[in-house]
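Protein chains: 2
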Amino acid sequence: MLTAKVNVSLKTGVVDPQAGAIKSALINLGFKDVQSVSVSKLIEIKLDSDSKGKARKDAEEMCEKLLANTVIENYKIEITED
Amino acid sequence: MLTAKVNVSLKTGVVDPQAGAIKSALINLGFKDVQSVSVSKLIEIKLDSDSKGKARKDAEEMCEKLLANTVIENYKIEITED
Numbered sequence: 002m003l004t005a006k007v008n009v010s011l012k013t014g015v016v017d018p019q020a021g022a023i024k025s026a027l028i029n030l031g032f033k034d035v036q037s038v039s040v041s042k043l044i045e046i047k048l049d050s051d052s053k054g055k056a057r058k059d060a061e062e063m064c065e066k067l068l069a070n071t072v073i074e075n076y077k078i079e080i081t082e083d
Numbered sequence: 002m003l004t005a006k007v008n009v010s011l012k013t014g015v016v017d018p019q020a021g022a023i024k025s026a027l028i029n030l031g032f033k034d035v036q037s038v039s040v041s042k043l044i045e046i047k048l049d050s051d052s053k054g055k056a057r058k059d060a061e062e063m064c065e066k067l068l069a070n071t072v073i074e075n076y077k078i079e080i081t082e083d
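Chains A and B supply the protein sequences, listed in that same order.
Just remember that the working numbering sits 1 ahead of the position in the first sequence, which is counted from 1.
Just remember that the working numbering sits 1 ahead of the position in the second sequence, which is counted from 1.
One should not assume that every hint holds.
Stated by the list, open to error - Non-contacting residues of chain B with respect to chain A, defined by C-beta distances greater than 10 Å in every case (computed):
| hint | residue |
| --- | --- |
| 1 | G14 |
| 2 | I44 |
| 3 | K53 |
| 4 | K66 |
| 5 | E79 |
| 6 | I80 |
| 7 | T81 |
Claimed, not checked - One side of the interface only, derived from the structure: several residues of chain A facing chain B at Cβ under 8 Å:
| hint | residue |
| --- | --- |
| 8 | N8 |
| 9 | L11 |
| 10 | V40 |
| 11 | I44 |
| 12 | K47 |
| 13 | D59 |
| 14 | E65 |
| 15 | L67 |
| 16 | N70 |
| 17 | T71 |
These are calculated hints, taken from the structure and not from any lab test.
Where a beta carbon is used, it is the ideal one built from N, C-alpha and C, also for glycine.
Isolated chain A, as found in the complex:
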């Protein structure tokens, strides 16, 4: 059993209103140390597979086809053993 951990984040330069809202809210709550905020999605997929190579290839294909919008998003894949 392998786990593919996929992190999907906005590309540099793409405006992220959610992160902006969180930053403003934190500063308004009194957290004056906050310099910047970024938000990304972590998708963990458990795979019934023993080949790390195949798992990575599959995860890349999943990102290209479904998990990420590659026009505006980057993805990072990490394969771990359970």
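Starting from the known structure of chain A, fit chain B onto it as the hints suggest.
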């Protein structure tokens, strides 16, 4: 400069329709190895602070007050140096 990496995920037992939809879609796309999918949010906060202790305390307070809905969500905090 420190970075607080906050992972916010649904508690065990809370139904996650987004993860369910991703799982079904992946299986429909032909990824038959997929056993389960979970989705969480990763919030990275850059802090103008040099005290890891204070950064952790602040990040915990941010989670309790804003970042997580502690009725249905768990959070994990990691403090890293840039």
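Taking the hints in turn, this is what the structure says about them:
Consistency note on B/G14: stated as away from chain A, and its beta-carbon is indeed over 10 Å from all of that chain's, at 17 Å minimum. The beta carbon of B/I44 is not kept farther than 10 Å from every beta carbon of chain A, the shortest such distance being approximately 5 Å. Distance check on B/K53: its Cβ is at least 13 Å (rounded) from any Cβ of chain A, clearing the 10 Å threshold; non-interface status holds. Not every CB of chain A lies more than 10 Å from the CB of B/K66, the least distance being 6 Å, so the non-interface label is violated.
Every CB of chain A is more than 10 Å from the CB of B/E79 (nearest about 13 Å), matching its label as outside the interface. For B/I80, the shortest C-beta to C-beta distance to chain A comes to about 12 Å, beyond the 10 Å cut-off, and the non-interface label holds. With a least beta-carbon separation of about 14 Å from chain A, B/T81 lies farther than 10 Å from that chain, consistent with its non-interface assignment. The interface hint given for A/N8 is met, as the beta carbon of that residue sits about 7 Å from the closest beta carbon of chain B, less than 8 Å.
With a least beta-carbon distance of about 12 Å to chain B, the hint placing A/L11 at the interface is violated under the 8 Å criterion. Given hint, A/V40 at the interface with chain B, holds; its Cβ is 5 Å from that chain's nearest Cβ, closer than 8 Å. A distance limit of 8 Å between C-beta atoms decides the matter here; for A/I44 the minimum to chain B is near 5 Å, and the interface restraint holds. Given the 8 Å rule on beta carbons, the hint for A/K47 holds: about 4 Å separates it from the nearest Cβ of chain B.
Annotation: A/D59 was flagged as interfacial toward chain B, and the flag holds, the nearest CB pair being 6 Å apart, inside 8 Å. A cut of 8 Å between beta carbons decides the hint on A/E65: the least distance to chain B is about 11 Å, and the hint is violated. A distance limit of 8 Å between C-beta atoms decides the matter here; for A/L67 the minimum to chain B is near 6 Å, and the interface restraint holds. Given the 8 Å rule on beta carbons, the hint for A/N70 is violated: about 14 Å separates it from the nearest Cβ of chain B.
The closest approach between the C-beta of A/T71 and any C-beta of chain B is roughly 16 Å, which is over the 8 Å cut-off, so the hint fails.
When the structure is compared with the earlier hints, violations turn up for hints 2, 4, 9, 14, 16, 17 and for no others.
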